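Novice: I would like the entire structure built from these sequences, with the hints used as guidance.
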Amino acid sequence: MSQGRTGKINYRCPKCLDREVDYDLLFDREENQFYCRRCNWEGNELEILTRYAHYKSQYRDMLKRWTVEDILAKDEDNWE
Amino acid sequence: MFVLNLIHRPELVAEYIDTVSQEGQSEELSKDSVVTESLEIFKLQQEIAHRHNLRTTIQMTYASLYHDDSVALAKAHHGKYGDEIAHTFLGLNCKEFRETYQRRDPAIWLYSMADKKRIVVDSFERFHECFGFYPTSTGSYFMDAELVNFIKQKYPMVKIAVATCFEEGPKVFRHANYSWYTIMDGSPWTAWIPSRKNIHAIAESEEDDIGIVAVPHLSRDLLAIMDNSGDMWGTHPQNIIRGLNYEDDRLPYMYNIVDHYRVLKKYNNGYSYNLVYVGPGWMGKSGRWEAPYRILRKSYEDFIAYYGELKKQEEVVDMTMTEFADWYRREQPRSGPHVGLWKDIAFGTKNQAFWYADSQFRVQIDLKLGGAITDLRPYASKLERPVGAGTAANQDASYPFIVQSRYRAGPFVHYAGEGAIKSCKVRYEGEEIDLSSCRTLGRARREDPYTTLEVKPVTLEFRNLTIKLATTYSFAANTGEIVITRRVVESSNPEARVEVDEFMTSCWGTTEYPEDMSGCLLSIVGKDGRRKEQVYEYLCRTESQPNVSAVEAALPMVQTRVSLTPLGEAVCSGYYEEGYSFAPNLKIGIHTNVGLNEELKTCLKVEQAK
Chain A
5 MSQGRTGKIN
15 YRCPKCLDRE
25 VDYDLLFDRE
35 ENQFYCRRCN
45 WEGNELEILT
55 RYAHYKSQYR
65 DMLKRWTVED
75 ILAKDEDNWE
Chain B
459 MFVLNLIHRP
469 ELVAEYIDTV
479 SQEGQSEELS
489 KDSVVTESLE
499 IFKLQQEIAH
509 RHNLRTTIQM
519 TYASLYHDDS
529 VALAKAHHGK
539 YGDEIAHTFL
549 GLNCKEFRET
559 YQRRDPAIWL
569 YSMADKKRIV
579 VDSFERFHEC
589 FGFYPTSTGS
599 YFMDAELVNF
609 IKQKYPMVKI
619 AVATCFEEGP
629 KVFRHANYSW
639 YTIMDGSPWT
649 AWIPSRKNIH
659 AIAESEEDDI
669 GIVAVPHLSR
679 DLLAIMDNSG
689 DMWGTHPQNI
699 IRGLNYEDDR
709 LPYMYNIVDH
719 YRVLKKYNNG
729 YSYNLVYVGP
739 GWMGKSGRWE
749 APYRILRKSY
759 EDFIAYYGEL
769 KKQEEVVDMT
779 MTEFADWYRR
789 EQPRSGPHVG
799 LWKDIAFGTK
809 NQAFWYADSQ
819 FRVQIDLKLG
829 GAITDLRPYA
839 SKLERPVGAG
849 TAANQDASYP
859 FIVQSRYRAG
869 PFVHYAGEGA
879 IKSCKVRYEG
889 EEIDLSSCRT
899 LGRARREDPY
909 TTLEVKPVTL
919 EFRNLTIKLA
929 TTYSFAANTG
939 EIVITRRVVE
949 SSNPEARVEV
959 DEFMTSCWGT
969 TEYPEDMSGC
979 LLSIVGKDGR
989 RKEQVYEYLC
999 RTESQPNVSA
1009 VEAALPMVQT
1019 RVSLTPLGEA
1029 VCSGYYEEGY
1039 SFAPNLKIGI
1049 HTNVGLNEEL
1059 KTCLKVEQAK
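Just so you know, the protein sequences line up as chains A and B, in that order.
Read left to right, the first sequence gives residues 5 to 84 (the working numbering).
Read left to right, the second sequence gives residues 459 to 1068 (the working numbering).
Check before you lean on any hint, since a few could be wrong.
Derived Cβ-Cβ restraints for the label pairs, each shown as a range [stated by the list, open to error]:
hint: 1; chain 1: B; residue 1: Thr917; chain 2: A; residue 2: Asp74; range: 23 to 29 Å
hint: 2; chain 1: B; residue 1: Ala851; chain 2: A; residue 2: Arg69; range: 38 to 44 Å
hint: 3; chain 1: B; residue 1: Val579; chain 2: A; residue 2: Met5; range: 49 to 55 Å
hint: 4; chain 1: B; residue 1: Arg903; chain 2: A; residue 2: Tyr39; range: 35 to 41 Å
DSSO-like, lysine-lysine: derived pairs with alpha carbons at most 30 Å apart [claimed, not checked]:
hint: 5; chain 1: B; residue 1: Lys489; chain 2: A; residue 2: Lys12
hint: 6; chain 1: B; residue 1: Lys501; chain 2: A; residue 2: Lys12
hint: 7; chain 1: B; residue 1: Lys1068; chain 2: B; residue 2: Lys655
hint: 8; chain 1: A; residue 1: Lys78; chain 2: B; residue 2: Lys723
hint: 9; chain 1: A; residue 1: Lys68; chain 2: B; residue 2: Lys489
hint: 10; chain 1: B; residue 1: Lys826; chain 2: A; residue 2: Lys19
hint: 11; chain 1: B; residue 1: Lys743; chain 2: A; residue 2: Lys19
hint: 12; chain 1: A; residue 1: Lys60; chain 2: B; residue 2: Lys756
hint: 13; chain 1: A; residue 1: Lys78; chain 2: B; residue 2: Lys1068
hint: 14; chain 1: B; residue 1: Lys533; chain 2: B; residue 2: Lys489
hint: 15; chain 1: B; residue 1: Lys756; chain 2: A; residue 2: Lys19
hint: 16; chain 1: B; residue 1: Lys489; chain 2: B; residue 2: Lys553
hint: 17; chain 1: A; residue 1: Lys78; chain 2: B; residue 2: Lys724
None of these hints come from the bench; they were simulated from the model.
In this text, all values refer to a predicted model and were calculated from it rather than measured experimentally.
We put the CB at the ideal spot given by N, CA and C, even for glycine.
Specialist: In structure tokens form, the structure reads like this:
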């Protein structure tokens, strides 16, 4: 079995990402599989992207534009 | 005025860019392909800035001072665009440096003091050889006070430095797989004038003034960084991409954070500040992690274009670092305060964080926790804490806290004890409610010298009583005092009285791990002036007494005394609790009974205790 290499895209381990550790995955050519040297995660590109999508779901305002006016007005009403 | 400092550097041996070496091939510093790519990125960054009519500060790295093309480029851009030619200690990890020093440490603050002095003189004199003058601005990820004091002594013309990365501490260390040694929590989030004793702390007088204006490396999200690694949350598009807070080339968050900093003008007499500093390694042709070059480049183009647009609208003033230092010295008070009420612009919640910093402390209040203090750095102690090889602190460049609710549990613990927090509990007929369980909102206003945080009243439901409790925090600038008022504004039973317990659970440290509390001193001071004291020995001892004038805790390891003093006519009881090894905190508190339209008003004071 030859050494793991950086894949064509240098993905980070999605499981480590969930606990906010950036750790590059290696790619095993024979197994056509990414794997993490820190934790026990291994998987294919689709599994990486699925986990990334879940990570991104924490950002409910990811595509929202908050302008100066929006921020100033945010949660300023309904105090009384 | 909203000020932008836009900084670029010709790094030549850019962090992250040498991906070939990362794959296991032998390292070859200064190889042509890396130097060429790094310089091309620098040129691109400069071109983008100039295209949008923005001036930059060009920070010359060690390697670039030995690179004729970089020197020529800096001179040309200074002449044509008015960019400042400045100096940086970033980029030490280059061939020329290693040949001179036989060292591989990339971080100036982690060298011994003798080496720091040598590197300063070497690089400043080299700078002078290249340009015929000494730089007036410099920087690194961190500049300790000892280093800056030496620079000011040797090169007094220096006016400003990039002096810390805001809240790069244990969270960022972990995020970089425990291998990125920027462990430096505890500074202000915006420009400040540091103390001679400690770079994090804001100067309290002319004598204490270190002689430069300090600016943070990047302007960061004041809410997100409380529980997230700061290196995903700043005025740095590729950092935002690192945090995956984007979809393809759509990154509205990068505009949102700029606009939130514009909002902070409201609390700072019309002034706010942004620093943008993207190293060339973040825009490499081979991409950065998952993000392709296309997105890395476009994000920077779009981001800088936004500042360009703001400049056209006269909503931002681009200054070089030295221009900003001159302006800051003219227009801003030496000791602050700096104030920020930050609203969530990422997670889709109503969460808010309030930040306050002056020469006596930096305070973070989490409105989601009922307006509890969740981080407190006692600048009053002006703690001398040298870092680098040969020092006790070595890599740990953080300014110690005396409250940190995320590193030290805060309102929620497993099994036993209490975490570090400054909060309040309300009791009625055997029931107890901690305000940190009451999510709320805040409004801040500044009427110098006072800054007030008004906390939206929260509803407390007991079995036989429902009340509304209002909280205000009032900061008197540079006194070390916070007056905290808890007032019952509504009650289902106007005759009922609740016990309001204003308390602080404290410890000291810079990381998640406990430090030795042995030798801390707990005190209760009666109205008659008599004092009960206990030296901390982890023995779980408690003491209380009625009719007190103060409760105090001294933490000699951080040379800090903190006290709670009842104000007004209320007769208050006081107590302290020693803690034990499974709960290595100390606790002080003041309590009294309060009815409808009555209040408990206390003064929390932080001061130096040698």
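Novice: State for each hint whether it applies.
Specialist: Here's how the hints hold up against the structure:
1. B/Thr917 / A/Asp74: 23 to 29 Å: holds (28 Å)
2. B/Ala851 / A/Arg69: 38 to 44 Å: For A/Arg69 against B/Ala851, whose Cβ atoms are near 42 Å apart, the range 38 to 44 Å holds.
3. B/Val579 / A/Met5: 49 to 55 Å: holds (53 Å)
4. B/Arg903 / A/Tyr39: 35 to 41 Å: violated (55 Å)
5. B/Lys489 / A/Lys12: holds (23 Å)
6. B/Lys501 / A/Lys12: holds (27 Å)
7. B/Lys1068 / B/Lys655: holds (14 Å)
8. A/Lys78 / B/Lys723: OK: A/Lys78 and B/Lys723 at ~16 Å, within 30 Å.
9. A/Lys68 / B/Lys489: At roughly 43 Å apart (the allowed maximum being 30 Å), B/Lys489 and A/Lys68 break the hint.
10. B/Lys826 / A/Lys19: holds (28 Å)
11. B/Lys743 / A/Lys19: Holds: B/Lys743 and A/Lys19 sit about 27 Å apart, inside 30 Å.
12. A/Lys60 / B/Lys756: Holds: A/Lys60 and B/Lys756 sit about 20 Å apart, inside 30 Å.
13. A/Lys78 / B/Lys1068: violated (44 Å)
14. B/Lys533 / B/Lys489: holds (24 Å)
15. B/Lys756 / A/Lys19: holds (28 Å)
16. B/Lys489 / B/Lys553: With a Cα-Cα distance of about 10 Å, the restraint between B/Lys489 and B/Lys553 holds, given a limit of 30 Å.
17. A/Lys78 / B/Lys724: Holds, at roughly 14 Å.
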